[in-house]
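Novice: Sequence:
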Amino acid sequence: MILPRVTLVAGLLAATTAYAHETSGQHGGRVTDAGKFHVELVAKGETVDVFLSDEGQKPVPAAGFKGTAILVVGGKPARVPLAPADGNRLTGKAATALGASPKGAVQLTGPDGATASGKFN
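Going letter by letter, the sequence shown gives residues -20 to -1, 1 to 101 in mature numbering (1 follows the signal peptide of the UniProt record, and there is no 0).
It should be emphasised that the hints constitute simulated quantities derived from the structure, not laboratory data.
Predicted, not measured: the structure shown is a model, and the values here were computed from it.
Hints are supplied without guarantee of correctness; some may be wrong.
Quick list of simulated restraints, FRET-style, between CB atoms [stated by the list, open to error]:
| no. | residue 1 | residue 2 | range |
| --- | --- | --- | --- |
| 1 | D13 | G44 | 16 to 22 Å |
| 2 | G15 | G67 | 18 to 24 Å |
| 3 | K56 | G36 | 21 to 27 Å |
| 4 | Q87 | G67 | 16 to 22 Å |
| 5 | D92 | K38 | 27 to 33 Å |
| 6 | P57 | G36 | 28 to 34 Å |
| 7 | G36 | D66 | 19 to 25 Å |
| 8 | T3 | V52 | 16 to 22 Å |
| 9 | E35 | G8 | 18 to 24 Å |
| 10 | V52 | G15 | 20 to 26 Å |
| 11 | T76 | K16 | 17 to 23 Å |
| 12 | K99 | T27 | 16 to 22 Å |
Note that the Cβ used here is the ideal one computed from N, Cα and C, for glycine as well.
All chains should be built: construct the whole structure from the sequences, respecting the hints.
Specialist: Below, the structure written as C-alpha cells:
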C-alpha cells in the first residue's frame, strides 16, 4: 500500500520538475515564464533580445514595456536595460559579449505598471 503512494508522489514530483524547465523558443532562444507572460531570451554577442508572448504563445506587443536583463558574465552580474523594439521584442546592449546561453533573470514592467520576472538557468 505504501509503495503505490510513493510511486505516485515520485511521478507527480518528476512531472512538476519537468514542467518547470525552460523550453526552446521560435527565435532560437530559451523560454521561461514571467508572471502571465512567456519570455524568450536570445543573446548574440553583446545584444540581448527578449520576445514576449502570452500563455497561448501569441506575441504580445512590446510597446509600453520596459525591462532589465541581469545576466552572469564572467562570474559577475551584468545589468542590461531593455527597451521596446519592433513587434513583441525588447532589446538591449551589454558592455561585453554574453555567450549563447547566459544565466540570469529578466525583470519586466508592463504598460499598466505590473511587474514580472523570469529566471534562466
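Novice: Confirm or reject each hint.
Specialist: Here is how each hint holds up against the structure:
| no. | hint | result |
| --- | --- | --- |
| 1 | D13 / G44: 16 to 22 Å | holds (20 Å) |
| 2 | G15 / G67: 18 to 24 Å | holds (20 Å) |
| 3 | K56 / G36: 21 to 27 Å | violated (37 Å) |
| 4 | Q87 / G67: 16 to 22 Å | holds (21 Å) |
| 5 | D92 / K38: 27 to 33 Å | violated (18 Å) |
| 6 | P57 / G36: 28 to 34 Å | holds (33 Å) |
| 7 | G36 / D66: 19 to 25 Å | holds (21 Å) |
| 8 | T3 / V52: 16 to 22 Å | holds (21 Å) |
| 9 | E35 / G8: 18 to 24 Å | holds (21 Å) |
| 10 | V52 / G15: 20 to 26 Å | holds (22 Å) |
| 11 | T76 / K16: 17 to 23 Å | violated (32 Å) |
| 12 | K99 / T27: 16 to 22 Å | holds (20 Å) |
Going down the numbered hints, you'll see the structure goes against 3, 5, 11, while the others check out.
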